[in-house]
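Novice: Residue numbers (this note's numbering), protein chains in the order written: chain F, 27 to 138; chain Y, 2 to 114.
No wet-lab data here; the hints were simulated from the structure.
Bear in mind the structure is a predicted one, so any value in this text is a computation, not a measurement.
Glycine included, every Cβ here is placed at the ideal spot set by N, Cα and C.
Any given hint could be a false lead.
What the hints assert, rightly or not - Non-contacting residues of chain Y with respect to chain F, defined by C-beta distances greater than 12 Å in every case (computed):
# : residue
1 : Asn19
2 : Ser29
3 : Arg55
4 : Arg100
5 : Ala101
6 : Ser106
Claimed, not checked - Here's a subset of chain F near chain Y, in silico, CB distances under 10 Å, partners left out:
#  : residue
7  : Gly54
8  : Tyr61
9  : Pro87
10 : Phe117
11 : Thr126
12 : Phe129
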Amino acid sequence: DAGVIQSPRHEVTEMGQEVTLRCKPISGHDYLFWYRQTMMRGLELLIYFNNNVPIDDSGMPEDRFSAKMPNASFSTLKIQPSEPRDSAVYFCASSSGTPTQYFGPGTRLLVL
Amino acid sequence: SQQGEEDPQALSIQEGENATMNCSYKTSINNLQWYRQNSGRGLVHLILIRSNEREKHSGRLRVTLDTSKKSSSLLITASRAADTASYFCATASGDTGRRALTFGSGTRLQVQP
């Protein structure tokens, strides 16, 4: 299995631009998680899905952030408009019937 | 805010020595996991201990859990340079059905060859 796939791996954009991060979970996994990692706040859950349905989006910082999972093999996290404080590493993770989560390599976002 | 706090924040040891990292958490849990993160990479699951277990071993890893003190420790024996990484504890809420993990602040381990 290829593991969780994220794209792009690095993104540099200017304040105000729209940013779309993509994730392909491990085939057969029915849970998908989006996390954000910063030096100041550590690893934080943004949102997670079960069977493509958002279950908990309480970690989404504000309306500028949105996430979708149109099918079992694809999810997006969109930031519009982006701000410098959104600069972070964004991780996608997936899991099946066990508590163990499998993480992707992350997308390193820099908003100038 | 982080559920778990880990100490030490950073640890530097020589190859062959043991490394011990501690984690404290605040709410009731179903299980506690430890993950490793190499620099610039994603997190990798190491070991899971359930709330009704007190100790668990996996290779050179030993995890303990004290639910009365809401704390856990990770021991890496006979450390190697390849063990250099950040280590995070992660807890799943005691609420049934919630699968999201809450991570500790992490311990940065440096193993000197």
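Novice: Minimum Cβ separation between Asn19/Y and chain F greater than 12 Å?
Specialist: Answer for Asn19/Y: holds, closest chain F Cβ roughly 25 Å.
Novice: Hint check: is the beta carbon of Gly54/F less than 10 Å from a beta carbon of chain Y?
Specialist: Hint violated; Gly54/F Cβ to chain Y Cβ min 16 Å, cut 10 Å.
Novice: Verify this label for me: Arg55/Y is non-interface relative to chain F, using a Cβ-Cβ cutoff of 12 Å.
Specialist: Arg55/Y clear of chain F: closest Cβ-Cβ about 18 Å, beyond 12 Å.
Novice: When the nearest CB of chain Y is found for Phe117/F, is that gap smaller than 10 Å?
Specialist: holds (6 Å)
Novice: Just checking, Ala101/Y versus chain F, shortest CB gap more than 12 Å?
Specialist: Incorrect as stated: the minimum Cβ-Cβ distance to chain F is 5 Å, not above 12 Å.
Novice: Thr126/F was flagged as interface toward chain Y. Is the shortest Cβ-Cβ separation under 10 Å?
Specialist: Where the cut-off is 10 Å and the nearest Cβ of chain Y is about 5 Å from Thr126/F, the hint holds.
Novice: Is the hint on Pro87/F kept, meaning its closest Cβ partner in chain Y is under 10 Å away?
Specialist: At about 14 Å, which exceeds the 10 Å cut-off, the nearest Cβ of chain Y leaves the hint on Pro87/F violated.
Novice: A closest beta-carbon separation below 10 Å is what the hint needs, so does Phe129/F meet it against chain Y?
Specialist: Holds. Min distance 4 Å.
Novice: Would you check whether the claim that Ser106/Y is not at the interface survives, using Cβ distances to chain F and the 12 Å cut-off?
Specialist: Violated, since 5 Å does not exceed 12 Å.
Novice: Is the hint on Tyr61/F kept, meaning its closest Cβ partner in chain Y is under 10 Å away?
Specialist: With a minimum Cβ separation of about 8 Å from chain Y (threshold 10 Å), the hint on Tyr61/F holds.
Novice: Hey, does Ser29/Y actually stay past 12 Å from chain F on C-beta?
Specialist: holds (15 Å)
Novice: Can we trust that Arg100/Y is non-interface, i.e. its beta-carbon lies farther than 12 Å from all of chain F?
Specialist: Contrary to the label, Arg100/Y does not stay out of reach of chain F, its closest Cβ about 5 Å off (not over 12 Å).
Hints 4, 5, 6, 7, 9 from the earlier list are contradicted by this structure; the remaining hints agree with it.
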